[in-house]
Amino acid sequence: MASRWWRWRRGCSWKPAARSPGPGSPGRAGPLGPSAAAEVRAQVHRRKGLDLSQIPYINLVKHLTSACPNVCRISRHVQASQRAIALIAEMIHTASLVHDDVIDDASSRRGKHTVNKIWGEKKAVLAGDLILSAASIALARIGNTTVISILTQVIEDLVRGEFLQLGSKENENERFAHYLEKTFKKTASLIANSCKAVSVLGCPDPVVHEIAYQYGKNVGIAFQLIDDVLDFTSCSDQMGKPTSADLKLGLATGPVLFACQQFPEMNAMIMRRFSLPGDVDRARQYVLQSDGVQQTTYLAQQYCHEAIREISKLRPSPERDALIQLSEIVLTRDK
Amino acid sequence: MNFRQLLLHLPRYLGASGSPRRLWWSPSLDTISSVGSWRGRSSKSPAHWNQVVSEAEKIVGYPTSFMSLRCLLSDELSNIAMQVRKLVGTQHPLLTTARGLVHDSWNSLQLRGLVVLLISKAAGPSSVNTSCQNYDMVSGIYSCQRSLAEITELIHIALLVHRGIVNLNELQSSDGPLKDMQFGNKIAILSGDFLLANACNGLALLQNTKVVELLASALMDLVQGVYHENSTSKESYITDDIGISTWKEQTFLSHGALLAKSCQAAMELAKHDAEVQNMAFQYGKHMAMSHKINSDVQPFIKEKTSDSMTFNLNSAPVVLHQEFLGRDLWIKQIGESSSTEVQLSNFQQMLLSTLLSTA
Numbered sequence: 001m002a003s004r005w006w007r008w009r010r011g012c013s014w015k016p017a018a019r020s021p022g023p024g025s026p027g028r029a030g031p032l033g034p035s036a037a038a039e040v041r042a043q044v045h046r047r048k049g050l051d052l053s054q055i056p057y058i059n060l061v062k063h064l065t066s067a068c069p070n071v072c073r074i075s076r077h078v079q080a081s082q083r084a085i086a087l088i089a090e091m092i093h094t095a096s097l098v099h100d101d102v103i104d105d106a107s108s109r110r111g112k113h114t115v116n117k118i119w120g121e122k123k124a125v126l127a128g129d130l131i132l133s134a135a136s137i138a139l140a141r142i143g144n145t146t147v148i149s150i151l152t153q154v155i156e157d158l159v160r161g162e163f164l165q166l167g168s169k170e171n172e173n174e175r176f177a178h179y180l181e182k183t184f185k186k187t188a189s190l191i192a193n194s195c196k197a198v199s200v201l202g203c204p205d206p207v208v209h210e211i212a213y214q215y216g217k218n219v220g221i222a223f224q225l226i227d228d229v230l231d232f233t234s235c236s237d238q239m240g241k242p243t244s245a246d247l248k249l250g251l252a253t254g255p256v257l258f259a260c261q262q263f264p265e266m267n268a269m270i271m272r273r274f275s276l277p278g279d280v281d282r283a284r285q286y287v288l289q290s291d292g293v294q295q296t297t298y299l300a301q302q303y304c305h306e307a308i309r310e311i312s313k314l315r316p317s318p319e320r321d322a323l324i325q326l327s328e329i330v331l332t333r334d335k
Numbered sequence: 001m002n003f004r005q006l007l008l009h010l011p012r013y014l015g016a017s018g019s020p021r022r023l024w025w026s027p028s029l030d031t032i033s034s035v036g037s038w039r040g041r042s043s044k045s046p047a048h049w050n051q052v053v054s055e056a057e058k059i060v061g062y063p064t065s066f067m068s069l070r071c072l073l074s075d076e077l078s079n080i081a082m083q084v085r086k087l088v089g090t091q092h093p094l095l096t097t098a099r100g101l102v103h104d105s106w107n108s109l110q111l112r113g114l115v116v117l118l119i120s121k122a123a124g125p126s127s128v129n130t131s132c133q134n135y136d137m138v139s140g141i142y143s144c145q146r147s148l149a150e151i152t153e154l155i156h157i158a159l160l161v162h163r164g165i166v167n168l169n170e171l172q173s174s175d176g177p178l179k180d181m182q183f184g185n186k187i188a189i190l191s192g193d194f195l196l197a198n199a200c201n202g203l204a205l206l207q208n209t210k211v212v213e214l215l216a217s218a219l220m221d222l223v224q225g226v227y228h229e230n231s232t233s234k235e236s237y238i239t240d241d242i243g244i245s246t247w248k249e250q251t252f253l254s255h256g257a258l259l260a261k262s263c264q265a266a267m268e269l270a271k272h273d274a275e276v277q278n279m280a281f282q283y284g285k286h287m288a289m290s291h292k293i294n295s296d297v298q299p300f301i302k303e304k305t306s307d308s309m310t311f312n313l314n315s316a317p318v319v320l321h322q323e324f325l326g327r328d329l330w331i332k333q334i335g336e337s338s339s340t341e342v343q344l345s346n347f348q349q350m351l352l353s354t355l356l357s358t359a
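For the protein sequence lines, the chains are A and B, in the order given. Mapping of the first sequence onto my numbering: residues 1 to 335, in sequence order. Mapping of the second sequence onto my numbering: residues 1 to 359, in sequence order.
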């Protein structure tokens with residue numbers, strides 16, 4: 001299944017139409033014409049990392065979820081517009097990663113150098129904007145205003161998620177809710193809404209749309225929780241990005257928040273965002289000593305079970321089984 | 001001054017010439033009389049400009065204003081404002097941009113929104129397609145067109161903010177601490193993204209895929225245009241090896257596309273036909289291009305050349321001069337002039353006389 005999907009992904013291409021400065025048909029997007037813009041395109045390809053081992057999970061989900069129409073017996077085939085949603089989701093995700101890497105001043109991503117390290121911050125930001133505009137053009141061309149509304153919500157959520165990350169809450173109880181909200185906005189919203197978008201395109205039943213959305217949301221949150229766990233338990237080679245990255249950025253993720261319940265002295269460190277020398281290492285020690293990692297993993301399992309419960313409401317099909325398998329893979333991945 | 005004359009005045013004040021075609025005026029407007037009477041006006045002082053702008057704002061009822069955007073009420077924007085305040089005292093470009101947005105008395109930053117509103121009113125409702133009859137209209141402009149004007153401003157300002165990102169590895173000690181620049185970059189990216197996200201949301205609410213595609217492609221053009229701007233040689237002692245037609249293409253991307261496609265989109269929202277949309281596009285494009293060319297020409301027509309006003313070696317007059325002279329001779333001329341003020345003003349004088357003799 002993965003190899004078939006890989007062949008499809010290789011074959012799929014989205015080419016902008018030829019450009020003319022005149023209006024003509026309104027949506028003529030410029031090809032990335034002159035050599036300068038071709039450089040930008042090269043950056044985009046490098047960012048997307050077209051190796052099988054590095055295919056983001058998001059795209060898998062899109063492909064599989066587009067099998068939702070099976071429920072409605074409308075078509076067994078994935079529509080072109082649904083494929084487009086998968087592409088668009090990937091593009092939005094990439095654009096946000098490019099900008100995030102500049103914001104975090106990151107040097108590596110998916111085992112490679114980041115765009116900002118190779119070409120500088122100015123070009124990185126412009127590259128992110130370009131990808132976003134390309135995604136918007138593709139989205140408009142699908143021609144469905146509901147789908148446009150759903151996916152622009154994602155863009156807004158991504159930005160708001162970044163803002164949530166800037167701030168911090170003093171109250172312990174508020175902190176966890178804040179963390180979950182940030183996790184939803186930054187990670188799960190994209191998956192949930194793109195699942196919903198493909199289901200809207202495939203099937204008119206709002207019950208199905210809600211199932212797709214809930215599946216995506218739960219898988220997304222579980223995915224991010226495991227990502228936060230791996231930041232503590234894995235080593236940099238496997239992850240493709242440096243570990244303890246979250247602590248170094250001053251972020252208090254799931255394991256830290258759970259550990260704080262056992263070691264209240266972490267409160268002060270959280271509030272000052274691990275800014276004093278030695279904070280990062282001490283916090284890491286606390287987390288590894290506590291059951292923070294286990295608790296976060298358990299929480300992720302809960303979300304996965306919820307996702308499976310939702311998707312099981314669809315009628316049996318090979319695609320549904322694949323989606324169930326996928327949410328289990330989310331829990332057991334090690335990078 | 002009445003409305004038709006105002007729309008004709010605007011390009012003149014910006015240095016354009018020639019009357020726009022009148023074929024698409026709304027039938028409720030009278031034909032224009034004595035167009036020639038305003039050609040005698042040569043006053044282009046800022047005060048006069050302000051007067052033109054405030055009259056325009058009266059005509060459209062209420063202007064697009066950065067301050068009226070609903071995103072101003074959001075937590076994020078007050079968060080941004082708080083963060084930008086931390087940048088005071090640093091040299092990050094974001095501070096300059098922010099100051100310009102708040103204190104700009106020239107109002108040039110809101111030009112785009114105003115032009116979109118004016119053109120929406122000028123065209124009026126479509127006489128052919130009456131499906132918009134139920135849309136609400138204030139001062140002759142549909143609310144969706146007002147929303148579009150806001151979105152245009154949002155996109156423009158977002159890219160203005162993103163233009164201010166600095167490359168960290170090119171910093172010198174005179175730029176101040178690295179941390180300040182990093183922080184400034186972070187806030188600049190977030191603010192720009194926030195504005196773009198609001199623009200996208202606004203576009204989605206318009207429920208018109210053609211308009212979404214138009215504005216998204218305008219954004220893509222703008223990004224490419226800014227990319228070209230940044231790619232000009234860092235030393236800035238030499239003009240790029242381009243002719244004026246390439247310059248026009250690049251300037252269309254960085255300056256013309258947004259206004260052109262916005263004007264076209266405004267017509268689409270009122271369901272005007274392709275001919276009207278095309279005319280709106282051309283108006284927006286030429287308006288924006290003439291604005292850019294006008295500002296390029298300014299350093300060469302200042303009365304006092306001792307002002308030592310710098311000019312961009314990739315601005316229109318210079319590129320034209322290079323094309324007439326040939327690149328080798330031009331590079332030789334640049335090499336012959338040194339960096340002292342006296343010779344720089346001679347340099348400008350020489351350019352000016354060349355341009356005037358070939359005009």
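If you are wondering where the hints come from, they were derived from the structure by calculation, not from laboratory data. A portion of the hints provided could be inaccurate.
Cβ pair distances, simulated, as ranges [unchecked claim]: (1) A:Ser244 - B:Gly335: 48 to 58 Å; (2) A:Arg309 - B:Gln91: 54 to 64 Å; (3) A:Pro316 - B:Val138: 30 to 40 Å.
Now the stretches of chain A that chain B is said to cover, found in silico as 3 or more residues with beta-carbon under 8 Å [claimed, not checked]: (4) 95-106; (5) 121-130; (6) 144-154.
For each residue, glycine too, the CB sits at the ideal point set by N, CA and C.
Structure-based check of each hint:
no., hint, verdict
1, A:Ser244 - B:Gly335: 48 to 58 Å, "54 Å, holds"
2, A:Arg309 - B:Gln91: 54 to 64 Å, "55 Å, holds"
3, A:Pro316 - B:Val138: 30 to 40 Å, "55 Å, violated"
4, 95-106, "holds (count 4)"
5, 121-130, "holds (count 7)"
6, 144-154, "holds (count 6)"
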